[in-house]
Amino acid sequence: MKLVYFAWVRERIGRTDEQVDAPAGVETVADLVRWLKSRGEEYAYAFENEGVVRAAIDHVHVKPEARIAGAQEIAFFPPMTGG
Amino acid sequence: MAATIRIQAEPFDVAAETADLTRGRADIGAVVAFTGLCRDEGGRLAALELEHYPGMAEAEIARIVAQAQDRWPLHGLTIIHRFGMIRPGEEIVLVLAASAHRQAAFEAASFLMDYLKAHAPFWKREHLKDGTAGAWVEAKESDDQAMERWGR
Chain A
1 MKLVYFAWVR ERIGRTDEQV DAPAGVETVA DLVRWLKSRG EEYAYAFENE GVVRAAIDHV
61 HVKPEARIAG AQEIAFFPPM TGG
Chain B
1 MAATIRIQAE PFDVAAETAD LTRGRADIGA VVAFTGLCRD EGGRLAALEL EHYPGMAEAE
61 IARIVAQAQD RWPLHGLTII HRFGMIRPGE EIVLVLAASA HRQAAFEAAS FLMDYLKAHA
121 PFWKREHLKD GTAGAWVEAK ESDDQAMERW GR
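If you're matching them up, the sequences are chains A and B in order. Everything in the first sequence is counted per this note's numbering, starting at 1 for the first residue and increasing by one. Everything in the second sequence is counted per this note's numbering, starting at 1 for the first residue and increasing by one.
Derived from the structure by calculation, the hints contain no laboratory data. Quick caveat, the model's predicted, so the values are computed rather than measured. Warning: the hint list may mix true and false statements.
[Stated by the list, open to error] Quick partial rundown of chain A residues pointing at chain B, CB under 7 Å, derived from the structure:
(1) A7
(2) P23
(3) F47
(4) A56
(5) H59
(6) P79
(7) T81
Just so you know, even glycine gets a beta-carbon here, dropped at the ideal spot from N, CA and C.
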C-alpha cells in the first residue's frame with residue numbers, strides 16, 4: 001500500500017510518500033503506526049504523541065481502530081488548520 | 001442543487017462567484033457569503049503557506065456539502081479553498097450559500113465553515129516578516145467545539 005504524509009508529519013519523516021508492505025499481524029491503523037515507529041527514529045518522532053496524528057484511508061478520515069485490509073492509500077497528518 | 005467546489009492557488013472574486021451562483025435564477029432570495037482572509041497577526045506574518053491533500057480535499061468538502069444539503073433547503077453552494085503562499089489581506093476561503101430565505105443560508109454557511117476548519121485536509125504554516133519559515137499553525141480546540149455544536 002501507499003503511505004502519504006502531510007505538514008509536520010511529512011517533515012519529521014522526511015518524505016512525502018512511500019510504498020510499504022506491512023508484515024502479517026498489522027491489521028489496523030494503530031498497528032500500522034506501531035510498526036512504523038519501530039522502523040526508525042524519524043517515525044518515532046512523527047508519531048511521538050499518539051492520538052495527535054490523524055489518519056485517512058483512501059481519502060476518508062478514520063479512527064486508529066480502522067482496519068487497513070484492502071486500503072490503497074493511507075495518509076497521516078496533523079489536526080487540520082484550513083478555513 | 002448545484003454545488004461548485006474548487007481547490008485552487010489563484011485568488012477568487014466574490015462578486016463574480018456570486019453572480020455565477022445566482023445567474024438565471026428567480027428562486028433564490030438569500031445568498032450568504034463568508035470570506036476568510038489572511039491576517040498579519042500584529043505585523044508578524046509575511047504570508048501563510050497552505051498545504052493540502054489533493055483528492056481528499058475535494059472529496060471531504062463534497063461530503064460536508066452533502067450534509068449541508070440534507071439539513072437545509074439550499075438552492076446553491078460555492079466553496080473555494082486556496083492553497084500555496086497567501087499574503088496578509090488576501091482571501092483564503094469562500095463559502096456562498098443560496099436559499100429562498102436568509103435563515104437557511106446563514107446557518108448553512110456557518111455550518112460549512114465550522115466543518116471545513118475541522119475536517120478539510122488543509123494545513124497552515126506561518127512565514128515571518130524576517131524571512132524565516134515559522135511554525136505550523138496549531139489546531140484550536142475552539143474549532144472542534146464550534147463543529148460539535150451542530151451535533152450528529
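Hint by hint, here is what the structure shows:
no. : hint : in the structure
1   : A7   : 4 Å, holds
2   : P23  : 27 Å, violated
3   : F47  : 16 Å, violated
4   : A56  : 6 Å, holds
5   : H59  : 4 Å, holds
6   : P79  : 4 Å, holds
7   : T81  : 5 Å, holds
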